[in-house]
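Visitor: As you go down the protein sequences, you meet chains P and X in turn.
If you want my numbering, it's the position in the first sequence, counting the first as 1, plus 1484.
If you want my numbering, it's the position in the second sequence, counting the first as 1, plus 1484.
The set of hints was computed from the structure by calculation and includes no laboratory data.
Take the hints with a grain of salt, since some may be wrong.
Since the list gives no way to pick one copy over another, a pair counts as held whenever it fits inside one copy or between any two copies.
Claimed, not checked - With a Cα cut of at most 20 Å, we get these calculated DMTMM-like pairs of lysine to aspartate or glutamate: (1) K1843 - E1897; (2) K1835 - E1897; (3) K1536 - E1552; (4) K1607 - E1497; (5) K1835 - D1863; (6) K1902 - D1863.
There are 2 protein chains.
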Amino acid sequence: MRLTQYFLPVLKENPKEAQIVSHRLMLRAGMIQQSSAGIYSWLPMGLKVLSKIEQIVREEQNRSGAFEIKMPTIQPAELWQESGRYDDYGLEMLRIKDRHDRDMLYGPTNEEQVTDICRTHIKSYRALPINLYHIQWKFRDEVRPRFGVMRGREFYMKDAYSFDLTAEGARIAYNKMFVSYLKTFARLGLTAIPMEADTGPIGGDLSHEFIILADTGESGVYFHKDWQEKDMVADISYGDDLQPVVDQFTQLYARTDETHDANTCPVDEADLMMRRGIEVGHIFYFGTKYSAAMGASVSSPDGEMTDLHMGSYGIGVSRLVGAIIEASHDDGGIIWPASVSPFDAGIVNLKPGHSETDKVTDMIYQAAIKAGRDVLLDDSTDSAGAKLARMDLIGLPWQIIAGPRSTERGVVELKCRKTGEVVEHSPEDAAAALLAHLAQKVSQKVS
Amino acid sequence: MRLTQYFLPVLKENPKEAQIVSHRLMLRAGMIQQSSAGIYSWLPMGLKVLSKIEQIVREEQNRSGAFEIKMPTIQPAELWQESGRYDDYGLEMLRIKDRHDRDMLYGPTNEEQVTDICRTHIKSYRALPINLYHIQWKFRDEVRPRFGVMRGREFYMKDAYSFDLTAEGARIAYNKMFVSYLKTFARLGLTAIPMEADTGPIGGDLSHEFIILADTGESGVYFHKDWQEKDMVADISYGDDLQPVVDQFTQLYARTDETHDANTCPVDEADLMMRRGIEVGHIFYFGTKYSAAMGASVSSPDGEMTDLHMGSYGIGVSRLVGAIIEASHDDGGIIWPASVSPFDAGIVNLKPGHSETDKVTDMIYQAAIKAGRDVLLDDSTDSAGAKLARMDLIGLPWQIIAGPRSTERGVVELKCRKTGEVVEHSPEDAAAALLAHLAQKVSQKVS
């Protein structure tokens, strides 16, 4: 893509309304535009990142054996009256009356809706286990929406729901999602620490939050200093017994400030890390809370009707865009992990019209396209300084920089956005080195 | 996918609430489930079709040079007050008050929202032309929602918006979308006739509806008997002058009953075809209607501020699922065009447990997976008749049918769903013939 033909409305000034770095950088990099408080339009480059995250989440859900469905955003109040949550849920629920004065709502979550699907169609244990997920817009009418897409009102979320005959079966489903989340966050370039959590208003007795560390995080988090990511996540097969994996990831203490209590914490103060973190996923097992209330039962092998054991599993897809930036940026701007970068690389032509520079940047641009890469060529007439700052701001992992001074010496610069390292190459070697970097499948960790 | 592991809740009975064939077949084939009046959940197989249609629409929008964005579903009333449509739009607009008593609405369309984006970021003619599209859920609170996804309340729509400095520029943008629609519908296996249309409440002076023919269509349509699809659509490049193409497709009379008038129709009655049709797309040029009202202007080359010339271009993505079925079904069920079929093919094992049949169907299933094909293997213990009826119902273009009687003779059946033609092959030849059929890229026309 040539920048002069693209829609990338970069802001020169820091927007006043943005209190945190991800919000500021997303506005400045032309990724989003506010529509009203806590509600955003995703502009082309922002949507590219959102869609890449969505696709990684989808692939790992599919691999775990879950089936994708799509439930509507607008739900009938009756379903929530059945579960008892219609009255419990406070003002965060956006309540709506349709033209016939029927009570509707914009779904903040979908336990009731998916339970209705299962009670309609699943009558026998033979159809179990099943896990249905969807990736859909949700609405929570936050009293004070802030922090951009990190705490918006309309947000994009993956929510999965597992249905099993027994608590043991539900535990297997829970473990699959646990591992799926580890794999998902690893592919996104993130280290997410599973932390034991309260189940809260959703009910139930087993729950983990997945937290990424970031100095700007909303929560204080506490974990044993020996906690470290296990490298073998990618190699785990969903068909394996996953309990040992889950045990390994949960054996060391890890809690957010919601459940951490210094008086009861079993870890010596000297061994306890205290940091800040951002919640990017949350998984729950809540047994028969909804199935019992809503009559979702199946015939079991002994012929008795049994309420379904359920779990629910959320990932904040739009929140992740902000969370990744919180975990991966510097003073110059965003530093995208390769797997979600809106373009694979950027090419900066410092002086369009200078024939050697035009020739060289075009050659590398065409070579990248021919190799199936999606690259952004800055062919604008802005100043060299503005172009370099913009390319750093938008955070593509690799940059090729070429101008009259370099091309007349027969070289261009290949810059790694994360390390800042710059290497001079001949144009041909730079193209080859860039493509070699892009071919590396190893995910680049950012936190 | 093995059917016994899939979530495909096929209904045996015709659902009473379904008045038209696509609604009946979508419910029976387990594609959708009603949540409330005119609002549906998409079950796994339904979502697969919806997503394939969405992706084809997206690809042709991208190829035309439009950029994908994502605007939110919930819009502030202020934007619609600026354009004057907040009061004009009737009860079909779902009006909402948030917790702070602010007037919001669930977007039925996005002219105001996208105009706000452009007036914020586009200040000079140098940034033009630009076409921004999104694929997003919309809501129209129909007084009497019916016909399933054909006239639902919450529906999935692609809407694009072009911005140009001049009317001539806008015409070029209009022509690109016109051609993009022809290509899109051709790839979906449909023949869509562009018909001159009123611009209606959206305003403006140039508009075409794209109509596919179906006996169950909602509109009467009238067109010259010599109208025929031009086969060269796929070869047209968006960079060409498209006016001759548009002229060629619009030179013969084609109108819906909304604008057809027998008294003024220039076509002899003998030359006039009268049929029924379904609207699947609608394109408009409406000049400066919104840009003038909302202050979306740019500096022109002579330094004057000029209101942007706009067009909007819609495709009903969820409606298309129903429309394709209306245009392509028989007494047995759906007949999917290959490009949107939820699976590439189905394999029916008429007697699981019969070792030769198990061996043969498994061999063909594995061969298809190895070739990268997405096939559904019916490995259930239902009766042979139920399996054959179900496979016809769900409409996959190709079926392999194997049972004890055929496999003991060393053959299986390869059936074309559309023609009903059945050919016996050895299992190896059947696998090869199936893969050869699937490799044919020629789109299969259904109307």
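Visitor: Hint by hint, say whether it matches the structure.
Guide: Each hint, compared with the structure:
no.: 1; hint: K1843 - E1897; result: within (15 Å within a copy, 59 Å between copies)
no.: 2; hint: K1835 - E1897; result: within (14 Å within a copy, 65 Å between copies)
no.: 3; hint: K1536 - E1552; result: both (17 Å within a copy, 14 Å between copies)
no.: 4; hint: K1607 - E1497; result: between (59 Å within a copy, 17 Å between copies)
no.: 5; hint: K1835 - D1863; result: within (8 Å within a copy, 64 Å between copies)
no.: 6; hint: K1902 - D1863; result: neither (23 Å within a copy, 51 Å between copies)
Hint 6 from the list above is the single one not met by this structure.
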